[in-house]
Amino acid sequence: MTALIDEGRWTKFKEPGLALGVLLLAAFISQRLIVNYFETQVENGMKQRAAQIADGLINGMNMLMVTGKITAPENRELLVRKMADSKGVLELRIIRAKQVQDQFGPGLPSEQAADEFDRQAIETKAPVFPANESDEAQRQFRAVIPFIASTNFRGTNCLSCHHVKDGSVNGAASIVLDVTDDEARLALFKRWVWGGDFVLGMALLTMVIWRRAERKRGQLLHELESANEELKNFAYVVSHDLKAPLRAISSLADWISTDYADKFDDEGKEHMRLLVSRVHRMDSLIEGILLYSRVGRVKEGVIAVDLNRLLKDVIAMLAPPPNITITVDDALPTVMTEPTRIQQVFQNLLSNAIKYMDKPHGEIHIACAAEGHHWRFSVTDNGPGIRQQHFDKIFQLFQTLAPRDRVESSGVGLALVKKIVEMYGGHIWVESAVGHGSTFFFTLPRTAVTHIPDKGK
Amino acid sequence: MKISNKPILLVEDDKVDVMTVMRSLKEIRVTNPVVNKENGEDALSYLRDPAREKPCIILLDLNMPIMNGIEFLQVVKQDSQLRRIPVVVLTTSEEQQDKVNSFDLGVAGYMAKPVDYRQFVEVMRSIDAYWTISEMP
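Protein chains in written order, with my numbering: chain B, 1 to 457; chain R, 458 to 594.
Don't take every hint at face value.
[As the list claims (entries may be wrong)] Calculated cross-link-like contacts (lysine-lysine; reagent style DSBU-like; alpha-carbon spacing at most 30 Å):
#  : chain 1 : residue 1 : chain 2 : residue 2
1  : R       : K534      : B       : K299
2  : R       : K463      : R       : K556
3  : R       : K511      : R       : K472
4  : B       : K190      : B       : K216
5  : B       : K312      : R       : K556
6  : B       : K355      : B       : K269
7  : R       : K534      : R       : K463
8  : R       : K483      : R       : K556
9  : R       : K463      : R       : K483
10 : B       : K263      : R       : K472
11 : R       : K472      : R       : K483
12 : R       : K556      : R       : K534
13 : B       : K232      : B       : K359
14 : R       : K534      : B       : K263
15 : B       : K269      : R       : K483
16 : R       : K556      : B       : K299
17 : B       : K299      : B       : K393
18 : R       : K483      : R       : K511
19 : B       : K232      : R       : K463
20 : R       : K556      : R       : K472
21 : R       : K511      : R       : K534
22 : B       : K269      : R       : K472
23 : B       : K312      : B       : K299
24 : R       : K483      : B       : K232
25 : R       : K534      : R       : K472
26 : B       : K232      : R       : K472
27 : R       : K511      : R       : K556
28 : R       : K463      : R       : K511
29 : B       : K393      : B       : K355
30 : B       : K312      : B       : K263
[Unchecked claim] Quick partial rundown of chain B residues pointing at chain R, CB under 8 Å, derived from the structure:
#  : residue
31 : K243
32 : D283
33 : K355
What the hints contain is simulated information worked out from the structure, not anything from laboratory work.
Cβ coordinates follow ideal geometry from the N, Cα and C atoms, glycine included.
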């Protein structure tokens with residue numbers, strides 16, 4: 001069976017349906033052979049039993065009807081003992097019991113007629129049955145009939161044995177063999193075989209379906225891989241092939257405005273300035289795409305990152321103006337993560353809070369709480385706040401709420417933060433009251449290694 | 458540059474980028490002649506021509522047709538005659554892999570070309586300042 005399931009065997013067949021058909025055919029033929037073999041065994045066993053009995057026919061006896069259920073061993077033994085000396089059985093025939101009953105009808109032929117039948121049977125080598133005609137014949141053998149009838153022929157076989165010596169019938173025996181046990185066994189065996197067939201068929205079908213699904217999955221996986229590969233290449237192409245002409249435009253614009261400064265009027269100078277600034281915006285958009293695409297693509301080692309230290313660095317790097325104070329919860333946990341990524345998360349959230357601050361005294365607070373299997377971080381500001389209808393939009397790539405000319409933003413920051421947080425199995429959301437400020441929440445799983453150094457002591 | 462008569466080999470295929478380098482060098486008053494080759498193969502044949510003077514520095518772009526910067530570096534760093542010439546990569550790519558590959562091949566520096574021309578001039582000024590102070594074999 002393992003050989004059948006072996007994949008190599010299957011891939012030879014281009015079409016799995018063909019393979020299934022061939023296998024089922026082979027299984028069917030082989031089981032037919034097995035069933036036939038068992039049937040023959042049963043028949044042979046019956047013949048053997050009958051031969052044993054017929055061998056025991058007493059010499060010179062003209063005709064002997066032996067009837068009865070002879071599968072019971074004691075009956076069989078008795079019969080065999082009675083016919084111990086007989087020799088010379090020539091013919092054995094199995095006749096369906098139903099046939100015998102139908103043919104014999106309610107009566108049996110006369111002794112002479114029976115002899116005649118025997119003779120005919122020997123000549124034709126086929127069973128001969130009396131045409132049921134005379135009352136005489138019926139009367140003569142009536143005594144036998146009830147006995148035959150009582151053996152409940154249905155499902156049993158009748159064996160007719162003719163004992164022949166020197167060309168003439170010496171003796172004959174009709175032996176009724178009860179083969180219900182054998183037939184029941186055969187039927188049971190057939191049921192098992194068919195049951196086995198069914199199971200085999202289902203197994204093969206399942207296998208074919210599974211193989212197809214597997215192939216489809218492999219194909220999908222391959223497509224996914226190539227799509228991913230394409231995306232990687234795309235990022236590379238963007239960085240090189242889009243940035244190169246952009247740089248050229250920028251340089252040329254710079255040279256034109258320097259070399260021909262005296263030839264430009266104020267409007268012309270303003271247009272050149274706008275041209276250069278748009279080039280820079282496009283550059284920062286491309287930079288944003290690259291940054292976004294690098295998350296999850298460029299893998300960094302996962303190490304234990306002490307968020308207390310990391311946040312100090314981030315705040316120092318952002319250098320918030322003096323009117324904005326940033327406070328951090330006493331003890332932040334140490335988490336297992338890629339340092340650059342977690343830094344990007346805090347840096348983007350904090351720089352947004354600083355960039356959009358509209359109050360004379362800005363307050364930004366960073367907090368962390370253990371919540372089930374997660375750490376829940378929050379960055380709260382007292383800035384302008386965000387209307388609820390924008391809560392989803394702000395996390396999408398290139399979405400900004402302020403016109404780009406007012407606040408220079410690529411619209412990548414929050415999309416990047418969301419991508420990073422979700423990559424680590426967390427999620428991010430915002431709560432906000434317009435005019436009063438916003439709080440950005442995000443969660444990170446508390447993996448086994450994450451811990452708070454001081455909290456909980 | 459420390460030795461002002463030796464040429465600077467600029468391996469770069471983009472015409473405007475070549476102009477940018479030329480212009481910025483002129484702006485910071487670097488007088489070395491600049492030899493421009495469009496790809497690694499041309500640059501190699503220039504370097505291996507005994508009639509030509511060896512450059513004092515090679516400014517190398519990575520993304521070029523025929524033979525790119527990394528392939529060029531692989532050949533140059535195997536060549537005992539050429540391996541000591543300092544190579545500074547000047548490229549658009551900020552891919553970590555490109556940086557790793559370049560430094561694995563022993564580059565002297567890796568500069569990302571800024572979009573802003575003024576910043577580019579500053580980059581060139583730094584390169585010049587460094588290679589004016591640094592001793593060379």
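key: Given pair status - B:K216, B:K190, alpha carbons within 30 Å   = violated, 38 Å
inquiry  = Just to be careful, I want the Cα atoms of R:K463 and R:K556 compared with a cutoff of 30 Å; is the pair within it?
reply    = holds, 27 Å
query = Is R:K463 within 30 Å of R:K483, Cα to Cα?
reply = holds, 16 Å
inquiry  = Given the hinted pair R:K534 and B:K299, is their Cα-Cα distance within 30 Å?
reply    = Measuring from Cα to Cα gives roughly 29 Å; hence the hint holds.
query = Should the hint that B:D283 touches chain R count as held when the rule is a Cβ pair under 8 Å?
reply = Where the cut-off is 8 Å and the nearest Cβ of chain R is about 4 Å from B:D283, the hint holds.
message = Hinted pair, alpha-carbon criterion (30 Å max): R:K534, R:K472. Please report holds or violated.
response = The given pair, whose Cα atoms are some 27 Å apart, holds under the 30 Å limit.
query = Keeping to a limit of 30 Å between CA atoms, is the pair of R:K556 and B:K299 held or broken?
reply = holds, 15 Å
task = Measure nothing beyond the straight line between the CA atoms of R:K511 and R:K534; if it is 30 Å or shorter, mark the hint as holding.
result = holds, 15 Å
message = Next pair to validate is R:K483 with R:K511; report whether the Cα-Cα distance is within 30 Å.
response = Satisfied, since the Cα-Cα distance of roughly 21 Å is no more than 30 Å.
query = Hint check: is the beta carbon of B:K355 less than 8 Å from a beta carbon of chain R?
reply = violated, 21 Å
inquiry  = Check whether the Cα positions of R:K511 and R:K556 lie no farther apart than 30 Å.
reply    = holds, 26 Å
key: B:K232 paired with R:K472 [C-alpha distance capped at 30 Å]   = holds, 27 Å
Checked against the numbered hints given earlier, this structure breaks hints 4, 13, 14, 19, 24, 30 and 33; the rest are met.
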